[in-house]
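I would like the entire structure built from these sequences, with the hints used as guidance.
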Amino acid sequence: MAVLEILTYPDVRLERIAQPVERFDDALRAFIVDLEETMRAGPGGVGIAAPQVGRAERIVIVDVSSKPKIKHHGRLVLVNPEITHWEGFVVGREGCMSVPDYTGNVIRAERITLEAFDELGSALHYEFEGYEARAVQHEIDHLDGLLFLDRLVSRRNDLFRRKVYQKA
Amino acid sequence: MNRLTNHWFMLTVVGKDRPGIVARVTAALYEGGCNLGEASMTRLGGNFTVMLMVQHDGDTASLTRLVATVTESLGLKLHVDKIAGDLYHHQEPDVRIAVFGADRAGIVAQVTGVLAEAGLDILDLQSNVAGSVDKPIYIMQIEGRALEGIPALESAVAVLDGKGIQVHLEPIDIMIG
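Protein sequences, first through last, are from chains Z and P.
Just so we're aligned, residue 338 is where the first sequence starts under our numbering, counting upward by one.
Just so we're aligned, residue 231 is where the second sequence starts under our numbering, counting upward by one.
Treat the hints with care, since some could be wrong.
Covered stretches of chain P, going by a simulated chain Z footprint (3 or more residues, C-beta under 8 Å) [claimed, not checked]: (1) 254-260; (2) 314-325.
Ranges of calculated distance between the beta carbons of each label pair, as one might list FRET restraints [to be verified]: (3) Gly288/P / Ala364/Z: 43 to 49 Å; (4) Ile404/P / Arg353/Z: 50 to 56 Å; (5) Thr450/Z / Gly288/P: 58 to 64 Å; (6) Val359/P / Tyr439/Z: 29 to 35 Å; (7) Ala388/P / His410/Z: 44 to 50 Å.
Bear in mind the hints are in silico, worked out from the structure with no lab data behind them.
We put the beta carbon where it would ideally sit given N, CA and C, even for glycine.
See below:
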């Protein structure tokens, strides 16, 4: 097990489009153990994506179970995740281990439906809402080379914006 | 220029709004060898306003000289103060407060007064007067830290019930990913 180095903006490796995982083998699972340890080593981190540690593969981990009073699915390893449905929108505050000392408001879908695989290659289907849906969308953005900085909205004006959420 | 050196100034400019102010003021600063820090620039009731952190190797007089020609030609008032350049230490808000009501004198003092007593540290406050001349409404958004918890703030604003002011508190739960 190891805590991996987290890349920080403006490292260009954060902008790469991550490739789908093709082999669900022991090497993948060993990497996921390290990735999770890296997430848990960061203060307050509830998610991490493989590109944040320089691995351009479509792997994310999300675990928002430490937050009180929210709906969640516990610890999630999502390999090759695909959001298949977006609904509603909500403004929320996000920060990122790859963007130290700054948080900003971002509009995300309130509810999403997601298809993915676990670390053994079994198919998964989830419906997420609220804070957990936000975390999943934030991490999947990393797989497409996007940071929350790419989606910042104005505090002054966008709290009231009526806008249909669209993927970039 | 190292942003951690101590030659920081707060430059404030106020005056009638027109296109091109930001470009001309910041060009004068850039050409004078200055470096910019955090800034808040906005239009308030037809006036352009800016608070701008500027890193400059000279003193307040030399920085004033650098931009005075531009601000005078644009009819803007300029003010420069020496400050501490405390970058990279952001304080994160944990509560967002939206306030609105029929506009009348005293709303800000009344609302922020009870919130301060209940432990609110304001990090950002913005307000607008909207509606129409005969029926103005006042809208305020605050982000801050609830030093004694959000329930303390909620109890505090309850005293405003029935005084024609709506106050909505919402926790800001920062998602770090």
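We went through each hint and held it up to the structure:
| no. | hint | result |
| --- | --- | --- |
| 1 | 254-260 | violated (count 0) |
| 2 | 314-325 | holds (count 5) |
| 3 | Gly288/P / Ala364/Z: 43 to 49 Å | 59 Å, violated |
| 4 | Ile404/P / Arg353/Z: 50 to 56 Å | 26 Å, violated |
| 5 | Thr450/Z / Gly288/P: 58 to 64 Å | 59 Å, holds |
| 6 | Val359/P / Tyr439/Z: 29 to 35 Å | 31 Å, holds |
| 7 | Ala388/P / His410/Z: 44 to 50 Å | 36 Å, violated |
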